[in-house]
Amino acid sequence: MSQTQMPVEHKTPTTPRWVKMFGLIVGVLILLGAIILIIGGGNHGPNMHTLPMQQRVQQP
Amino acid sequence: MTMPTVLRKFALTVHLTCSVGWIGAVAAFLVLVVAAMTSQDAQTLRACWIAMDLIGRFAIIPFALASLLTGLVMSLGTKWGLFRHYWVVFSLVLTILATIVLLENMQTVSYFGRIAFEMDSADLDGLRGGLGSELLHAGFGLLVLIVIQTLNVYKPQGLTPYGWRKQNETRNPAPQDAAT
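These protein sequence lines map, in sequence, to chains R and L.
Heads up: the first sequence runs through residues 778 to 837, numbered per this note's numbering.
Heads up: the second sequence runs through residues 132 to 311, numbered per this note's numbering.
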């Protein structure tokens, strides 16, 4: 009888559903961003635009 | 360690001001991107890039860094903690990611802002070419900031395993702690 009266507080609760969904969405978006960076050849930032812009400006 | 009420309210005021200011500055940035995309006028295009650079450097970045810093102070100085509740963890991770992307993207914006300021030729294709990326960055950034804001307002329930352990330690202190 006494064995059934275990303190509930010591049992770690299950992860809430919103946390799982949110984590999944954030993870997918981070993965998507990484894939876009990889597909772009890591050529991100100002360098992505520098060469074409300079070529255009230098044209007569 | 929790802050005294007066200090906590002051820190919360600063944190809210910076966070909402960040959202407002990104919204203004987004307006400029759309204005530049829809305008056929060369002067408008150049002016938008220069304004985007100024807003980014003197409003968005300071607000972002201040928001991150005051957010850390708020979480560490209140009962919420930094890793006890899932909503705080998600807010922290998203804020750090948004700040990293912002700092990276601002290099591009500053580059175009400089070009727009210096060039006087009619060749504006390059300036137009960078707008699509800015629409994506600012639009997605604004969405992430609204999600963070929503998490901070609603504070959905959910303790992390660390938070659960800490809560149990507070409710059921160890025998040696209870004796003191």
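Any given hint could be a false lead.
Here are the simulated lysine-lysine pairs, DSS-like style, with alpha carbons at most 30 Å apart [unchecked claim]: (1) L:LYS140 - L:LYS210; (2) L:LYS286 - L:LYS297; (3) L:LYS210 - L:LYS286; (4) L:LYS210 - R:LYS797; (5) L:LYS297 - L:LYS140; (6) L:LYS140 - L:LYS286; (7) R:LYS797 - L:LYS286; (8) L:LYS297 - R:LYS797; (9) L:LYS210 - L:LYS297.
None of these hints come from the bench; they were simulated from the model.
Going through the hints against the structure:
1. About 14 Å separates the Cα atoms of LYS140 of chain L and LYS210 of chain L, which keeps this hinted pair within 30 Å; it holds.
2. Between LYS286 of chain L and LYS297 of chain L the CA atoms are separated by roughly 19 Å; this keeps the pair inside 30 Å, and the hint holds.
3. About 13 Å separates the Cα atoms of LYS210 of chain L and LYS286 of chain L, which keeps this hinted pair within 30 Å; it holds.
4. Restraint check for LYS210 of chain L and LYS797 of chain R: satisfied, since their Cα atoms lie roughly 24 Å apart, inside the 30 Å limit.
5. Taking the CA atoms of LYS297 of chain L and LYS140 of chain L, the gap is about 25 Å. The hint holds against a cut of 30 Å.
6. At most 30 Å may separate the alpha-carbon atoms for a hinted pair to count; LYS140 of chain L and LYS286 of chain L meet this at roughly 18 Å.
7. About 16 Å separates the Cα atoms of LYS797 of chain R and LYS286 of chain L, which keeps this hinted pair within 30 Å; it holds.
8. At most 30 Å may separate the alpha-carbon atoms for a hinted pair to count; LYS297 of chain L and LYS797 of chain R meet this at roughly 22 Å.
9. Of the supplied pair hints, the one linking LYS210 of chain L and LYS297 of chain L holds, its CA atoms being roughly 11 Å apart against a limit of 30 Å.
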